[in-house]
Each structure stands twice: as structure tokens, then as C-alpha cells.
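Read top to bottom, the protein sequences are chains H and X.
Just so you know, the working numbering puts the end of the first sequence at 134, numbered straight through with nothing missing.
Just so you know, the working numbering puts the end of the second sequence at 87, numbered straight through with nothing missing.
The hints are simulated quantities; they were obtained by calculation from the structure and are not laboratory data.
Here the structure is a predicted model, which is why all the values come from computation and not from measurement.
Quick reminder that beta carbons are idealized off the backbone N, C-alpha and C, glycines included.
A couple of the hints might just be wrong.
[Stated by the list, open to error] Distance ranges between label pairs, derived from CB positions:
id	chain 1	residue 1	chain 2	residue 2	range
1	H	Arg38	X	Ala13	29 to 35 Å
2	H	Glu21	X	Gly2	34 to 40 Å
3	X	Thr18	H	Glu25	21 to 27 Å
4	X	Ala48	H	Arg29	29 to 35 Å
5	H	Lys37	X	Asn66	36 to 42 Å
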Amino acid sequence: MGFESFPKFEDSTEVGERTQELTPEAAIREEKEVLDKRSAISGKAKALIGAFMLMTAISCKPEGKFEVKGGESPESGRPAAVRVEEEARPDRARVVRTQEFSGYGIKTKTGFNKYGEIVWRETPHGREVLIGNQ
Amino acid sequence: MGSNLAKIKSIIADNSLTREDQEELLSIFVKASENELAPIRELLEADASWVGKLNTNYKVKKAVLNTGDAESWRTLLKEEAKEVDKI
């Protein structure tokens with residue numbers, strides 16, 4: 001499939017030269033224009049179009065206002081940066097989990113947010129708590 | 001959990017994606033409504049190999065949207081159109 005050959009998608013800085021600014025609205029509109037022309041076809045193709053358009057819609061959704069806090073994990077001593085959802089700070093609470101980012105992977109650790117703030121993201125397993133860096 | 005999401009979750013769990021990729025993909029689908037998930041379920045039930053392809057499609061889209069590069073987006077849309085035409 002052609003997507004696999006797309007240039008280095010994991011490093012967004014290497015996806016082509018920027019030739020024209022793409023807004024989420026334009027991205028959705030252009031995809032609709034391209035795929036709508038093909039919508040009067042088989043049920044499976046319609047399902048695929050629906051799937052593509054859903055992936056776009058979700059790709060265009062902001063993941064929340066993330067800020068990156070640098071520092072090091074108190075447990076491993078390794079550099080750690082934790083994404084904190086600014087939109088999800090309804091209260092201050094004991095933090096139950098941290099996420100230590102190491103390159104593309106994520107490791108989960110136990111600890112406390114130095115700010116005492118609880119933040120989370122929705123996951124397939126329910127609400128997962130993220131915390132600021134230690 | 002709705003029936004579409006539950007079925008999709010089951011199909012993804014049986015896929016060979018890494019655990020991280022499985023979780024990321026599921027975290028995408030939990031943001032969608034049951035109606036929005038209907039075509040995903042239909043597609044994955046017909047051909048589970050689309051799990052990996054949709055995962056890649058999502059990652060590519062995120063990367064391109066991050067760059068804001070309209071030309072790369074159009075290239076991606078051409079790939080999508082080819083996939084649709086193949087079915």
C-alpha cells in the first residue's frame with residue numbers, strides 16, 4: 001500500500017518541503033472533494049472512504065494543549081518529558097502515574113506531580129492519568 | 001462500550017501491531033461516535049489487514065498535518081483514492 005512508502009512519517013519534519021500551508025479545514029475539504037467523487041460505488045469502498053475520513057477528522061482534532069516539561073525521572077534518573085494536558089486540570093490531586101517519554105516509546109511510572117495536579121487522557125482502557133515531570 | 005467499538009477493539013487486539021500501536025489506534029477510535037465507527041467496523045471485519053493500514057494512514061496524516069504541507073496532503077489523497085479504486 002502506498003502509505004508505507006510515504007516519506008518518514010514518524011519524523012514530521014521530514015515530510016516534504018512546505019509548499020503551501022495546510023489547515024485542518026482545508027485538509028478535510030480536499031479529502032472530501034477527492035473521495036466524494038468515488039462514493040457511488042461498492043459498500044466496501046464506501047466503508048473505506050468513511051474510515052479514511054474518520055482518520056482525517058480525528059487527525060485534525062487538537063489533542064489538547066500540551067506543554068512539555070523537561071527534567072529527569074526521580075526513579076530512573078533519565079531525562080524525561082511529560083506531556084501535560086492543559087485542558088484537564090480540574091483539581092489538584094495525588095498523581096497515580098507518570099509517563100516517561102523515551103524517543104518514540106512511552107514508559108509508565110508511578111510518582112507524583114510536583115504541582116500536585118492531576119491530568120489525564122482518554123484511552124481504550126478508560127481515563128489514564130498523566131502527570132507533570134518530577 | 002458500544003458494540004462497534006467493542007468489535008473493533010477485539011479485531012485490533014488480534015492484530016500483529018505492537019502493543020503501543022494497538023493502544024494508540026484504540027485511543028483514536030474511542031474519540032469517535034458509534035455511528036462514525038460503523039464503517040471502520042465494516043472494513044475491519046471484511047479485511048483485518050486494514051488495521052495496520054489505518055494505523056499508518058493515521059500516522060501519515062498526523063505527520064503531514066503537523067508540517068502543514070498541502071502538497072504532501074494531496075499526495076496522500078491520491079494514495080487514498082487509489083486504495084478506494086482498488087476495492
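Do the hints match the structure? See the list:
Checked against the hint of 29 to 35 Å, the C-beta distance between arginine 38/H and alanine 13/X comes to roughly 31 Å, which is consistent with it. At about 37 Å, the CB distance of glutamate 21/H to glycine 2/X agrees with the hint of 34 to 40 Å. Under the hint 21 to 27 Å, the C-beta atoms of threonine 18/X and glutamate 25/H, about 33 Å apart, miss the expected range. Between alanine 48/X and arginine 29/H the CB atoms are about 31 Å apart, so this pair conforms to the stated range of 29 to 35 Å.
For the pair lysine 37/H and asparagine 66/X, the supplied restraint of 36 to 42 Å is violated, since their beta-carbon distance comes to about 27 Å.
When the structure is compared with the earlier hints, violations turn up for hints 3 and 5 and for no others.
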